[in-house]
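Colleague: Please put together the full structure from these sequences, using the hints given.
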Amino acid sequence: MLIMTGVNKTFNAGTVNERKALCGVDFTLKDGDFVTIVGSNGAGKSTLFNVISGTYYVDFGRILLDGRDVTYLPEYKRSAFIGHLFQDPLKGTAPHMTIEENLAVAYLHSSGKNRIFGRIKKADREFFREKLSELNMGLEDRMKTPVGILSGGQRQALTLLMATMVTPSLLLLDEHTAALDPATADKVLELTKKIVREREISCLMITHNMHQALSLGNRTIMMDSGRILLDVSGEERNRMSVQDLLDKFAESTGEALDNDRMLLGGNG
Amino acid sequence: MAGMLGVFQTALEVGLIYSLVAMALFISFSILNIADLSTDGCFTLGCAVGATVTLAGHPVLAIFAAMAAGVLSGYVTAFLQTKLGVESILAGIIVNTGLYTVNLAVMGFSSNLSVFGCDTVFSLAKGFIGGKWYKLAVIAVIVLLVCIILIRFLGTTLGLSVRATGDSPDMVSASSINPAFTVTVGLCAANSLTGLAGCLIGQYNKNCDINLGTGMVTIALASLIIGQAIFGRGNMRLKVFGVVIGSVIYRFIVALALRINISAEYFKLVSALIVAVAIAAPKMREKLAFMRKKSVSMRKMRKEVMSDVNNDRREQNL
Numbered sequence: 001m002l003i004m005t006g007v008n009k010t011f012n013a014g015t016v017n018e019r020k021a022l023c024g025v026d027f028t029l030k031d032g033d034f035v036t037i038v039g040s041n042g043a044g045k046s047t048l049f050n051v052i053s054g055t056y057y058v059d060f061g062r063i064l065l066d067g068r069d070v071t072y073l074p075e076y077k078r079s080a081f082i083g084h085l086f087q088d089p090l091k092g093t094a095p096h097m098t099i100e101e102n103l104a105v106a107y108l109h110s111s112g113k114n115r116i117f118g119r120i121k122k123a124d125r126e127f128f129r130e131k132l133s134e135l136n137m138g139l140e141d142r143m144k145t146p147v148g149i150l151s152g153g154q155r156q157a158l159t160l161l162m163a164t165m166v167t168p169s170l171l172l173l174d175e176h177t178a179a180l181d182p183a184t185a186d187k188v189l190e191l192t193k194k195i196v197r198e199r200e201i202s203c204l205m206i207t208h209n210m211h212q213a214l215s216l217g218n219r220t221i222m223m224d225s226g227r228i229l230l231d232v233s234g235e236e237r238n239r240m241s242v243q244d245l246l247d248k249f250a251e252s253t254g255e256a257l258d259n260d261r262m263l264l265g266g267n268g
Numbered sequence: 269m270a271g272m273l274g275v276f277q278t279a280l281e282v283g284l285i286y287s288l289v290a291m292a293l294f295i296s297f298s299i300l301n302i303a304d305l306s307t308d309g310c311f312t313l314g315c316a317v318g319a320t321v322t323l324a325g326h327p328v329l330a331i332f333a334a335m336a337a338g339v340l341s342g343y344v345t346a347f348l349q350t351k352l353g354v355e356s357i358l359a360g361i362i363v364n365t366g367l368y369t370v371n372l373a374v375m376g377f378s379s380n381l382s383v384f385g386c387d388t389v390f391s392l393a394k395g396f397i398g399g400k401w402y403k404l405a406v407i408a409v410i411v412l413l414v415c416i417i418l419i420r421f422l423g424t425t426l427g428l429s430v431r432a433t434g435d436s437p438d439m440v441s442a443s444s445i446n447p448a449f450t451v452t453v454g455l456c457a458a459n460s461l462t463g464l465a466g467c468l469i470g471q472y473n474k475n476c477d478i479n480l481g482t483g484m485v486t487i488a489l490a491s492l493i494i495g496q497a498i499f500g501r502g503n504m505r506l507k508v509f510g511v512v513i514g515s516v517i518y519r520f521i522v523a524l525a526l527r528i529n530i531s532a533e534y535f536k537l538v539s540a541l542i543v544a545v546a547i548a549a550p551k552m553r554e555k556l557a558f559m560r561k562k563s564v565s566m567r568k569m570r571k572e573v574m575s576d577v578n579n580d581r582r583e584q585n586l
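Residue numbers (the working numbering), protein chains in the order written: chain R, 1 to 268; chain Y, 269 to 586.
Hint data in this document are derived by calculation from the structure and do not stem from the laboratory.
Some clues are possibly wrong.
[Claimed, not checked] Straight line, CA to CA, 25 Å or less: simulated SDA-like cross-link-like pairs of lysine to any residue:
(1) R/K144 to Y/G502
(2) R/K121 to Y/F347
(3) Y/K507 to R/P146
(4) R/K77 to Y/F347
[Unchecked claim] Short derived list, chain Y residues pointing at chain R, Cβ under 7 Å:
(5) I362
(6) L428
(7) D435
(8) S436
(9) D438
(10) M439
All C-beta atoms, glycine included, are put in the ideal place defined by N, C-alpha and C.
Modeller: Written out as structure tokens, the structure reads:
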């Protein structure tokens, strides 16, 4: 369970470029929740993710994950139990290392098998093979291939696998399919749904696709100017259409959504 | 002919010793993606510490002392960049500058320290092995040992993490590795090898000079690039092996240059030229290939235009 209370984050405080990215965000994520997040550019969605994962520390407020106060825990320590996927599919993997070595870096660190002079064992290799075959991309037969020559979709699928190989307490998906072609994006999204469902991982997902925002997961929140404007779940959400969501946004901000991608993606 | 063989034997011996510095740069420059400019000072530090301990009568202990000194120097460089946020190149330059005084102090504030007449690892080996090749035997064993340890290390969890740190910083911060830690480990390991090389060269030359390390980073970089040009696409084992071969090739080139009576005064310029050519080679090759492609396609286009013109003429004549 993730509990955020009164989280504030301001960039360039005290200068002309001051930007309040998060203004007193209170947010609770129950175990097994799959929440989609929408909002225009600069709404604070990515900043929200970055303060959860520890890329930035908050100015005020508290972040509790599974009862543990992680507010000032460094990023590398949080990543043992928080998975974070980015839009850029090249970010999550090391291109000059093989598939097997990438998996080993992710696995041997967070599985508690952290013997620093340990090596990839036969059992580990079998485990990686089994996990890779779940991706249905034929990667299990290319474990000695450098990741750099894989496609963006394959790399993003691999990143997803690395983030979830040891079940994380929380999975952050920052538009992780937005840079992929539609067919590959669907495939990676299906994989995401499957993994999240099977392992009951609590998950937050940023999307610009309004249809996706309502059809995926069990709860949707909308952000604007560093605040959570809308938080719907259950029956209310089931009855909502994309147009309702857009109307709600216009209603609470007094302006229409400024992002063409969101509108165009509405039927997608 | 015997003189020729002697020249190449020396080149092989010195090349193998310098290959340790090239391996250090392989860790910092190729793997961690950090230009560690403290190499020059660290090399002299290894030599100074090694010579001092050798003078005290402990040539084998000198090797470990020099490596420890290298680790310390690497730690300071890493501390500056990971904890104090100093730019990595600047951190190296700062440490390099500071080391000059440290090295002088280690040498008892004299710019030259001779270990002539003292026991060295080579004189000890002469007693065991004898003959003409005892020096090469000692160096080869040490380099082989270092290669094996380095290759084994790069396959461990820690080694893989160090590699990931240089290869994809974003991935590292998302996979519970502390990059400050892996950078420190990498720089300490790299500089321990630089220190080791300094110690060996001191015992080999029976002398330590305060300016010994000047230009070392350039020379090692050239060796590294020659090695990568030959074995760059292979696996880790081949790459490490390539670094050693690259260093030996570099020494052979220098030996040849000196052999064809390029006087010793030109030595640094020759070195710099070799380095510039070695580093520029991949780019030049790319450019050459492009020019060739361009000229071929231009020629083809001209031919087509000419044949069109000829056809037109023929039609007019008809």
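Colleague: Are the hints correct? Go through all of them and say.
Modeller: Quick rundown of the hints versus the structure:
1. Among the hinted pairs, R/K144 with Y/G502 is consistent with the structure: their alpha-carbon atoms are about 12 Å apart, no more than 25 Å.
2. Restraint check: the Cα-Cα separation between R/K121 and Y/F347 comes to about 33 Å, which exceeds 25 Å; the hinted pair is violated.
3. A threshold of 25 Å between alpha carbons decides the hint, and for Y/K507 with R/P146 the separation of about 15 Å falls inside it, so the pair holds.
4. The straight-line distance between the Cα atoms of R/K77 and Y/F347 is roughly 20 Å, inside the 25 Å bound, and the hint therefore holds.
5. Proximity of Y/I362 to chain R is violated relative to the hint, the smallest CB-CB distance being about 26 Å (cut-off 7 Å).
6. Of the supplied interface hints, the one on Y/L428 holds, with its beta-carbon coming within about 5 Å of a beta-carbon of chain R, less than 7 Å.
7. Checking Y/D435 against chain R by beta carbon gives a least distance of about 4 Å; that is within 7 Å, so the hint holds.
8. Of the supplied interface hints, the one on Y/S436 holds, with its beta-carbon coming within about 4 Å of a beta-carbon of chain R, less than 7 Å.
9. Hint status for Y/D438: holds, given a least beta-carbon distance of 4 Å to chain R, under 7 Å.
10. The interface hint given for Y/M439 holds, since its Cβ lies 5 Å from the closest Cβ of chain R, which is under the 7 Å cut-off.
Violated hints, listed in ascending order, are 2 and 5; each of the other numbered hints is respected by the structure.
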